[in-house]
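Using the hints, build the complex out of the two chains.
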Amino acid sequence: MKTVIPGERNETQTIASILAGNTQEFHELIRPYERGVYVMALSMLKNKADAEDVAQEAFLKAFRNLHGFRAESKFSTWLLSITLNEARNRLRHRNAIRIESLDAPPDEQEHVTPALLRDWREIPSQTLERLEVRRMLQQAISTLPLIYREVLLLRDVEELTIFESAQALGITETTVKVRLHRARLMLQRKLAPQLKQIDPKRRWFSWL
Amino acid sequence: MVIDCKHVWEHISGYLDNDLAPEILEQVQKHLDHCEICSAILDSTRNILILTADERVFELPLGYSERLHARLDAEISRLGSGA
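Protein chains in written order, with the working numbering: chain A, 1 to 208; chain B, 1 to 83.
Chain B on its own, in the form it takes in the complex (with noise of 0.2 Å):
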């Protein structure tokens, strides 16, 4: 069966998951193997994501790991104690 590129966008994400049935895993391969917007769309997606997952995108405010343990290392003590 051939599918149009509509129908390949509804698969994007779990093409890139590969969580697709095989069958229509084949169909969407197949299509994106001639179809150069599809096939676009996936990669630009893909790598998206790539760049999403950097640690660089989102930096840590300054001293957040000291204030966090020493906020934690209050509680640890004010419950060690029985208070």
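Chain A with its partners taken away, still in its complex shape (with noise of 0.2 Å):
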């Protein structure tokens, strides 16, 4: 049995209706997922000159090639793996390819060690108004390996499930699984440390 949710069904319509030639209402379709779509390629590409122009190309792309959208995934998830396929394309032209491989996974069999911590103190989501906090999360993210770094923004940034995840990048579920635990455990590695020292407290106006 399928279950129809209603801004699903209503995403159907737009997108066949777009077919049908009402092409205008392709900027109504994509309002919510221009920033996942940013965020993808800015992720993946580091520069954001270079991740405005990957996410338009994206959009383009889609756009162009609408009529062969199949419903077996969901559009957001065909709009990401469009998005990623064009950042790798542009990593591939850009001089990184040299400095990150998107081919030889970084010792994908050894266990990454989390860091240990005795307790955890929450830190609120406030925090985040914080340019430092805000830098510590972008800095973190991006220096994870390429693989990881996709697979972790899929699932935990743009919030697919696993098996989205694994559509969208054309792998199994089972190495999606796999790939996310590394890349979760090498965030916590990398920022339980730096995020213990943050005083959840320190207040933005600093008088107060």
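Take these hints with a grain of salt, some might be off.
Unchecked claim - What follows is a set of in silico ranges between Cβ atoms, one per label pair, in the way DEER data are often shown: (1) A:Glu-34 / B:Ser-77: 17 to 27 Å; (2) B:Glu-36 / A:Ala-71: 24 to 34 Å; (3) A:Ala-20 / B:Glu-26: 45 to 55 Å; (4) A:Gln-194 / B:Ser-77: 45 to 55 Å; (5) B:Glu-26 / A:Pro-124: 28 to 38 Å; (6) B:Ser-77 / A:Pro-124: 22 to 32 Å; (7) A:Asn-65 / B:Ile-3: 47 to 57 Å; (8) B:His-7 / A:Ala-71: 36 to 46 Å; (9) B:Asp-33 / A:Ala-16: 19 to 29 Å; (10) A:His-111 / B:Arg-71: 19 to 29 Å.
To be verified - Coverage of chain B stretches by chain A, computed from C-beta distances (three or more under 8 Å per stretch; other residues unrestricted): (11) 16-23; (12) 26-34; (13) 60-71.
Unchecked claim - Here are the simulated EDC-like pairs of lysine to aspartate or glutamate, each with C-alpha atoms no more than 20 Å apart in a straight line: (14) A:Lys-196 / B:Glu-75; (15) A:Lys-74 / A:Glu-173; (16) A:Lys-74 / A:Glu-34; (17) A:Lys-190 / B:Asp-19; (18) B:Lys-6 / A:Asp-119; (19) A:Lys-48 / B:Glu-10; (20) A:Lys-48 / B:Asp-54.
Hints in this document: simulated from the structure, not taken from any laboratory. Idealized CB from N, CA, C, for every residue including glycine.
In structure tokens form, the structure reads like this:
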């Protein structure tokens, strides 16, 4: 049995309508994904101008190839897989390829040891108002090897399911899980000691 | 069966995704209940992922949306005119 979620049905209808000639509706179709596509591109390319350019290219490509979209994947998953491909092409055409190989996975077998702590006091999300905290997170994500960064972004930032992440990357669900696990532990290892230094009570306005 | 810390670390991600087989979950849970180190690792990982998913981490460039839709407009009218 297939459950139809209202929002999802609208999207399918919008796509059909665009294909029938109401091309202007494409603007509305993509609005919920503008942010996700950009963030995906930025995390891969680590450069704002390139990320914006790749995001635009991905949306244009989605528009031109919309007739090829099959409803067996969600539109968002399809869009992110186009973004991934665009970003990878850009990386290949850039010198970065010499520094970071797309194909050779960095020691995927080795276990990642997390940062050992005895207690953890939650870091409230208000601390994200502070530039230093945002920088800390961006920096930690950007230093993950590409194959781990991709999967972490899809699953934990774009909030795709394991299945959808596998679809977008063209890899098996098992591989997604293995890489995701390593990515998460690498982040924990890097960030937990840094974040522990953050004082959650420190106010944005220092005179308060 | 009693499992050690290293064994538990291998299941942190699966635990967070609620994706562990019942017998593994039980072992991991039992361990977490009395191991403060593994509990802190789990809590910190979960907390870090919550922070990572926050929209404030990555800012959109000013005018990004406007530029995107302008470019789409150009493409839509180009294709629409049969050029």
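Hint check results:
1. A:Glu-34 / B:Ser-77: 17 to 27 Å: holds, 20 Å
2. B:Glu-36 / A:Ala-71: 24 to 34 Å: violated, 48 Å
3. A:Ala-20 / B:Glu-26: 45 to 55 Å: holds, 54 Å
4. A:Gln-194 / B:Ser-77: 45 to 55 Å: This hint holds: roughly 49 Å between Cβ atoms.
5. B:Glu-26 / A:Pro-124: 28 to 38 Å: holds, 32 Å
6. B:Ser-77 / A:Pro-124: 22 to 32 Å: violated, 47 Å
7. A:Asn-65 / B:Ile-3: 47 to 57 Å: Cβ of A:Asn-65 to Cβ of B:Ile-3: about 48 Å, so the range 47 to 57 Å holds.
8. B:His-7 / A:Ala-71: 36 to 46 Å: holds, 42 Å
9. B:Asp-33 / A:Ala-16: 19 to 29 Å: With a Cβ separation near 52 Å, B:Asp-33 and A:Ala-16 fall outside 19 to 29 Å, so the hint is violated.
10. A:His-111 / B:Arg-71: 19 to 29 Å: Taking Cβ atoms as reference, A:His-111 and B:Arg-71 lie about 46 Å apart, which means the hint is violated.
11. 16-23: holds (count 3)
12. 26-34: violated (count 0)
13. 60-71: holds (count 8)
14. A:Lys-196 / B:Glu-75: This hinted pair is violated, its Cα atoms lying about 49 Å apart.
15. A:Lys-74 / A:Glu-173: With Cα atoms ~17 Å apart, A:Lys-74 and A:Glu-173 stay inside 20 Å; holds.
16. A:Lys-74 / A:Glu-34: Answer holds: A:Lys-74 to A:Glu-34 is near 16 Å, not above 20 Å.
17. A:Lys-190 / B:Asp-19: Between A:Lys-190 and B:Asp-19 the Cα gap is close to 24 Å, so the pair fails against 20 Å, i.e. violated.
18. B:Lys-6 / A:Asp-119: Cα-Cα ~18 Å, so holds.
19. A:Lys-48 / B:Glu-10: Distance of about 35 Å is beyond 20 Å: violated.
20. A:Lys-48 / B:Asp-54: holds, 19 Å
In this structure, the hints that do not hold are numbers 2, 6, 9, 10, 12, 14, 17, 19, in rising order.
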